[in-house]
Amino acid sequence: MNSMPPPEMQMQYSAGGLKDGGTLTVTITIPEKWHVNANEVTDEFLKPSSIEAKAEGIEFAEPVWPKPIKEYNEALELEILTFRETFSVELPVKSASGNYDSSGTTVTFHYQACDNSICLAPASKTISLSEIAAGTKSSHVNSGAKKNDSENEVAAASAANDASASASAGIIALLFFAFLGGIILNLMPCVLPVLSLKLFSLIKQAGENRGRLLALGGATTAGILCSFWALAAVVAAVKAGGGSAGWGMQFQSAGFIAFMVVILTAFAMSFFGVFEIWLPWNATTKMDAAGHKAGLAGAFFTGALLVLLSTPCSAPFLGTAMGFAFTASTPVLFLFFTAAGLGLALPYILVSAFPKILKVFPKPGAWMVKLQKVMGVLLLATVAWLLWLVNEQAGMAGVGMFAVVVAASIGGSIIVGKFAPPGAAFKRELITLGGSIVVIAAVWFAVIAPQYELATSEKFNARMQEQMTADGWYRYSPALIEEFAKANRTVFIDATADWCLTCKTNEAAVLNRDEFRRAMDSLNVALVKADWTRETPEVNALLRSMGKSGVPAYAIYPAGDASKQIVLPEILTTAAIVEKIVGK
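Numbering that gives the first Met the number 0 puts the first residue of the sequence shown at 0, with every later residue one more than the last.
These aren't lab readings, by the way, just hints derived from the structure by calculation. Just to be clear, a hint being listed does not mean it is correct.
Unchecked claim - The calculated lysine-lysine pairs, modelled on DSS-like cross-linking and capped at a C-alpha distance of 27 Å, are:
#1 Lys563 / Lys528
#2 Lys485 / Lys579
#3 Lys579 / Lys93
#4 Lys124 / Lys66
#5 Lys369 / Lys417
#6 Lys563 / Lys485
#7 Lys66 / Lys563
#8 Lys32 / Lys69
#9 Lys355 / Lys369
#10 Lys503 / Lys528
#11 Lys93 / Lys66
#12 Lys93 / Lys53
#13 Lys503 / Lys579
#14 Lys579 / Lys528
#15 Lys53 / Lys124
#16 Lys69 / Lys53
#17 Lys124 / Lys93
#18 Lys579 / Lys124
#19 Lys93 / Lys32
#20 Lys32 / Lys66
#21 Lys417 / Lys372
#22 Lys503 / Lys485
#23 Lys417 / Lys53
#24 Lys53 / Lys579
Stated by the list, open to error - Restraint ranges, calculated between C-beta atoms of paired labels, are given here:
#25 Glu51 / Asn511: 35 to 41 Å
#26 Ile413 / Asn511: 27 to 33 Å
#27 Ile117 / Arg517: 40 to 46 Å
#28 Ser96 / Asp520: 41 to 47 Å
#29 Phe444 / Glu51: 53 to 59 Å
#30 Pro4 / Ala352: 37 to 43 Å
Since the structure is predicted, the reported quantities are computational estimates derived from the model, not experimental observations. For every residue, glycine included, the Cβ atom is placed at its ideal position computed from N, Cα and C.
Work the whole structure out from these sequences, hints included.
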């Protein structure tokens, strides 16, 4: 696991009475091959180190930090300020009352650890003289008290074990969040059309034996997991190449949207009976085996399609878990994607393992033909949503280009149905299907893709030049946050994207309502929108600073402080936002 062990810490007061002044020196040792950001940072997404000390009757002045190391980080492509190995921070005693007690001194070090490839989420470590004196071995502390070296070594070992156990518990909790987020993805509007499709398949197979249902559930689960692993591999490759990866990032690609439009349109056409794919072993004596194999292949494909449709939605809990996973090592990344995949697959696993659940649905019959057409309409509704997304990114010109893709997919489906009907030679079907794919791909790459990219870039760049959005929000920029800090205004940030359905749901339910606007106006809060519809370095850095891998993501910057950030959950309420602002 690519995570830094907690730094070792010691503290010691200077000799003499504290009433006459004095210094508390905190010595910190960073593990080899790691560094922490200095108390000053060169980019807003890097969290600066800070330290605070508390003791009864003692007031400390501002800490005195050592001179930081200046180095160039190739992964971040910028010069950074760091502390490495062992360094000391001095905390001057500003005043001490007559009955001060230095034995209860506690020191908390806040830091963000990085190596040459990743930066971890901000963390902190606290050491206390009173805990050491009481025999609670939670930290390695040199207090100047009468403790021998062997006791300190035991305390340090115990601290390392406690920290390791705490880190493991935290990762287990995040894995559970990823699993729970995967379950919740089934309820998201982007997944519902294919969810109903899969339910239709299970109802259709309900009359078969339990082994058959288990096989279908296993195939669907395999399709989900393989797709999640493919996404994890893409993310790992992007990170290895120094790029920025995030949840739902493929919806920033016009090619991916075109692929989804073709697949969903063709799927809908097959539901309408325009064509049907038959496998080469469709001889009469092998029809049953062919049907079984086709069913398993279809279940696998359905699982893969579920994953592709789920990525524009960031479910509750999933954003926090994936925010950690996207900054972790490759094995940890795959582990988190596996947990999310199992969560998404859980309903199908349960239905396959306990087929009695299907008894609540009517028995297979003629009604299923009508249901199949309804599901075709649902899939076309998903295509319509993708075209709406295209309109948001490139305007009606883009919709016109993608309408050609839809027409090509429908035309290809008709050609397959006409020239390779059920029962025709598999070679004819394969040639017809392959020819349709080649024609659609040629039209896309030769004609549509260049024009669409140009139209999208022009519209997005024009939109980013506007200081305000159409609904009255400020456009995000790091400089804007600094300006509001100087003006002593609280800032609420909405990191969103046109293709993010969870974002749109939150906007409709909370952020665009008069109740929210009145509450923000009464508190003099500046509303800022960070648009991630297309990838930008500024929003990438903002998401990293929030510990998020994708959108939606929400944060509050308290009035006058651009360095402090209060990150909010994916599901919002006006009352919860106001509470965080007022209680800041």
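Here's how the hints hold up against the structure:
Our distance criterion of 27 Å between C-alpha atoms is met by Lys563 and Lys528, whose separation comes to about 18 Å. The suggested pairing of Lys485 with Lys579 holds, with an alpha-carbon distance near 21 Å, which does not exceed 27 Å. Taken as a hint, the Lys579 and Lys93 pair is broken in the structure, with Cα atoms around 32 Å apart against an allowance of 27 Å. Note on Lys124 and Lys66: the hinted pairing holds, with a Cα-Cα distance of about 22 Å set against a maximum of 27 Å.
The suggested pairing of Lys369 with Lys417 holds, with an alpha-carbon distance near 23 Å, which does not exceed 27 Å. Proximity of Lys563 to Lys485 is assessed by CA-CA distance (about 14 Å); at most 27 Å being required, the pair is judged to hold. Distance hint between Lys66 and Lys563 is fulfilled; the C-alpha atoms sit about 23 Å from each other, no more than 27 Å. For the given pair, Lys32 sits about 16 Å from Lys69 by alpha-carbon distance, which is consistent with the 27 Å threshold.
Proximity of Lys355 to Lys369 is assessed by CA-CA distance (about 24 Å); at most 27 Å being required, the pair is judged to hold. As the CA atoms of Lys503 and Lys528 are separated by approximately 13 Å, the hinted pair is consistent with the 27 Å bound. Restraint check for Lys93 and Lys66: the C-alpha separation of about 22 Å stays at or below 27 Å, so the hint holds. Taking the CA atoms of Lys93 and Lys53, the gap is about 12 Å. The hint holds against a cut of 27 Å.
Our distance criterion of 27 Å between C-alpha atoms is met by Lys503 and Lys579, whose separation comes to about 22 Å. For the proposed pair Lys579 and Lys528, the alpha carbon gap of about 18 Å is at most 27 Å, so the pair holds. In summary, the hint linking Lys53 to Lys124 is supported, as the alpha carbons are separated by about 14 Å, within the 27 Å threshold. Restraint check: the Cα-Cα separation between Lys69 and Lys53 comes to about 31 Å, which exceeds 27 Å; the hinted pair is violated.
For a cut-off of 27 Å, the pair hint linking Lys124 to Lys93 stands: about 24 Å separates their Cα positions. Restraint check for Lys579 and Lys124: the C-alpha separation of about 24 Å stays at or below 27 Å, so the hint holds. For the hint linking Lys93 to Lys32, the alpha-carbon distance of about 36 Å lies beyond 27 Å, and the restraint is violated. Distance restraint check for Lys32 and Lys66: the Cα-Cα separation of roughly 19 Å lies within the 27 Å cut-off, and the hinted pair is therefore satisfied.
Taking the CA atoms of Lys417 and Lys372, the gap is about 20 Å. The hint holds against a cut of 27 Å. Annotation: proposed proximity of Lys503 to Lys485 is violated, straight-line Cα distance about 31 Å (limit 27 Å). Proposed proximity of Lys417 and Lys53 is contradicted: the alpha carbons are some 80 Å apart, above 27 Å. With a C-alpha separation of about 25 Å, the suggested pair Lys53 and Lys579 falls inside the 27 Å cut-off, and the hint holds.
Restraint check, Glu51 to Asn511: a C-beta distance of roughly 40 Å satisfies the suggested window 35 to 41 Å. Taken as a hint, the range 27 to 33 Å is violated for the pair Ile413 and Asn511, whose Cβ atoms sit roughly 42 Å apart. Distance hint check: the CB atoms of Ile117 and Arg517 are about 42 Å apart, consistent with the given range 40 to 46 Å. Checked against the given bound of 41 to 47 Å, the beta carbons of Ser96 and Asp520, roughly 45 Å apart, stay inside it.
Separated by about 58 Å at the C-beta atoms, Phe444 and Glu51 satisfy the suggested range of 53 to 59 Å. Between Pro4 and Ala352, the C-beta spacing of about 41 Å keeps the proposed range 37 to 43 Å intact.
The earlier numbered hints that this structure contradicts are 3, 16, 19, 22, 23, 26.
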